[in-house]
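Residues per chain, in single letters:
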Amino acid sequence: AQSVTQLGSHVSVSEGALVLLRCNYSSSVPPYLFWYVQYPNQGLQLLLKYTSAATLVKGINGFEAEFKKSETSFHLTKPSAHMRDAAEYFCAVTSFSGGYNKLIFGAGTRLAVHP
Amino acid sequence: DAGVTQSPTHLIKTRGQHVTLRCSPISGHKSVSWYQQVLGQGPQFIFQYYEKEERGRGNFPDRFSARQFPNYSSELNVNALLLGDSALYLCASSLEDRAVGNEQFFGPGTRLTVL
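Sequence order for the protein chains is A and B.
Mapped onto this note's numbering, the consecutive letters of the first sequence carry residue numbers 1 to 115.
Mapped onto this note's numbering, the consecutive letters of the second sequence carry residue numbers 1 to 115.
Bear in mind the hints are in silico, worked out from the structure with no lab data behind them.
In this text, a Cβ means the ideal position worked out from N, Cα and C, and glycines have one as well.
The hints are all genuine.
Here chain A is said to cover these stretches of chain B; the calculated rule only asks that three of the stretch's residues, wherever they fall, bring their Cβ under 8 Å from a Cβ of chain A:
id : region
1  : 41-52
2  : 103-110
Cross-link-like lysine to aspartate or glutamate pairs, in silico, EDC-like; alpha carbons within 20 Å at most:
id : chain 1 : residue 1 : chain 2 : residue 2
3  : A       : Lys-49    : B       : Glu-96
4  : A       : Lys-58    : B       : Glu-103
5  : B       : Lys-30    : B       : Glu-75
6  : A       : Lys-49    : A       : Glu-88
7  : A       : Lys-49    : A       : Glu-64
8  : B       : Lys-52    : B       : Glu-75
9  : B       : Lys-52    : B       : Asp-62
10 : B       : Lys-30    : B       : Glu-53
11 : A       : Lys-49    : B       : Glu-103
The following block holds chain A by itself, in its conformation from the complex (with noise of 0.2 Å):
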């Protein structure tokens, strides 16, 4: 069975520091991941995702995540933080059983960035 877990439910950074938001997987097949951003009193909206290409991978917003096989890892980055940037950050894997797709996320990881 898939799972992931997202180290850290909150993230504190100053506006210009680098952001690291931690995602490590379990899957027993080749994962396909994913990393979605959602601000206050909205949806899910898609970052950026793994599907077995490049393992380093560009997302929007200046977002890029590193698929690390050895680590089972998945780790958000950012080298420069924006006001923006503050939301809840989840990363999922794609489990495919019983013939469809279905995401599992991960808690969450909420960021907030000062001044």
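With chain A fixed as given, assemble chain B onto it according to the hints.
Positioned in the frame of chain A, the structure of chain B alone reads:
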């Protein structure tokens, strides 16, 4: 292009009542999934429908049911509401149900409060 739309935006019910939530997928998308997001947690998979048929069901009681219409829109029904059903209910659409890594596009959600 219109994204995934959901109605209503907010809903307040009392215990024991019934609720119907509605979702319209992106034009051309045939698959609709429902997720429940309890405050402070990641979304949990409830149902997936494709071409009006239920493809998958998460670990939710029979009080939860859904259906998909010929125009691919969908309804989620919850009977005998409990306080613990208070959550943000998210609808997601995708082109099909079985393509692993297929992106799911999320709507803004319906915030259900059960008093």
